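Taken in order, these protein sequences are the chains called A and B. Under the working numbering, the first sequence is numbered contiguously, ending at residue 204. Under the working numbering, the second sequence is numbered contiguously, ending at residue 83.
Everything labelled a hint here was simulated from the structure, so no lab data went into it. In this text the structure is predicted, and so the values were computed from the model without any measurement. The beta-carbon is built from N, C-alpha and C at its ideal position, and this holds for glycine as well. Among these hints, one or two may not hold up.
To be verified - Beta-carbon label-pair distances, calculated as ranges:
1) B:N26 x A:S155: 58 to 66 Å
2) A:G82 x B:Q56: 44 to 52 Å
3) B:L48 x A:Y87: 38 to 46 Å
4) B:V33 x A:N104: 34 to 42 Å
What the hints assert, rightly or not - Every beta carbon over 12 Å from chain B, so not counted as near; a handful from chain A, in silico:
5) R29
6) K35
7) Q112
8) K185
What the hints assert, rightly or not - Footprint (simulated), chain A over chain B, 3 or more residues, beta carbon under 8 Å:
9) -3 to 5
10) 13 to 24
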Amino acid sequence: MEVTFDLKVIDYSKHISQEEILREFETVKHAVKDPAQFQILYDSYFNVIFNYIYRKIDDEDITADLTSQTFFKALGNLKKYRFKGVPFSAWLYKIASNEVNRHYRQTNKKLVFSFEEHEFEHLIEQNVEEDEELDIGHIIRQMQRLCESDIEVLELRFFESKSFEEIAYILEISEATAKMRTYRAIEKLRKLLKRREG
Amino acid sequence: MRKFDIRLRRQQFTQSRIERHKNYQSLMDRHHEANKRKTRGVMVLVFLLILIIMILLAFFDTVEQPDQKKPENEQVGLNMEINPYAFSEGNK
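The whole structure should be built from the sequences, with the hints applied where relevant.
Here you go:
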């Protein structure tokens, strides 16, 4: 069975155009002067940030707190936001990621990656040929053997549908490193899945 | 390397379930409260700075005062230069 995770497989419907990114930046500039304008950004990104945090926490109430904290910090530090050509959401993802890390440092709990079944199904549908069978449980067991940073890039690439530019911005690495890290994570997963088959 | 668990969720989070946690007003209230606290903090800091500067000025002022009493000899020297008779002689 050949498992072919494509580096380019990404849900482009979640992407926004350059004009929209610029328009969004205008909203950010307005929000710096008038915090009430921040509501536009809050409404646009609350759900995605909530889902992103939930995926790493797997607890609804803590996720709600951390999401609220993420937006609170974003609003308080809006003056410090520097436009780097990526959507504003990337900055929110970065803050959310820091909040999640802080939460785990404080609580000393084991890190969780909680994925929705339909997201996995979507991923398998796109990457595995029709006559092949690959169960989710098997993929998860193999993913468990990857390192945290590998899961992180795979999550951003395949579950959040982020571009390499955005992944680089969120993880504070270069775009080339983001590509390399994703490629290596896919390769590792592919090898793990093959080894089990053999 | 941190250990982690990968879990699978059968059910998707519905929009309405997420919406329950959305509260922009509370975010704004928190933001305004934080701004007020920040302003108060800055004011306290400025007040403390002014107070420290004033204390330092007062301290240096008291340290410098004994030095002003020192030139007693110089005063004598000055007195010696002035000849009170010179005026009276000149007038005569």
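For each hint, the structure was consulted:
1. For B:N26 and A:S155, the hinted distance range of 58 to 66 Å is not satisfied, since their beta carbons lie about 37 Å from each other.
2. The given range of 44 to 52 Å is respected by A:G82 and B:Q56, whose C-beta atoms sit roughly 49 Å from each other.
3. In this structure the hint that B:L48 and A:Y87 lie 38 to 46 Å apart at CB holds, the actual value being about 42 Å.
4. The hinted range of 34 to 42 Å is not satisfied by B:V33 and A:N104, whose Cβ atoms lie roughly 25 Å apart.
5. Non-interface status of A:R29 relative to chain B is upheld: no Cβ of that chain comes within 12 Å, the nearest being about 21 Å off.
6. Even its closest Cβ contact with chain B, about 17 Å, leaves A:K35 beyond 12 Å, as expected for a residue assigned away from the interface.
7. Non-interface call for A:Q112 relative to chain B: holds, since the shortest CB-CB distance, roughly 14 Å, exceeds 12 Å.
8. For A:K185, the shortest C-beta to C-beta distance to chain B comes to about 22 Å, beyond the 12 Å cut-off, and the non-interface label holds.
9. Beta-carbon proximity to chain A at under 8 Å applies to 8 residues in the region -3 to 5 of chain B; the threshold of 3 is reached and the given coverage holds.
10. Restraint check on the region 13 to 24 of chain B versus chain A: 8 residues with Cβ-Cβ distances below 8 Å, three needed, restraint holds.
Of the numbered hints given earlier, the model fails hints 1 and 4; all others are met.
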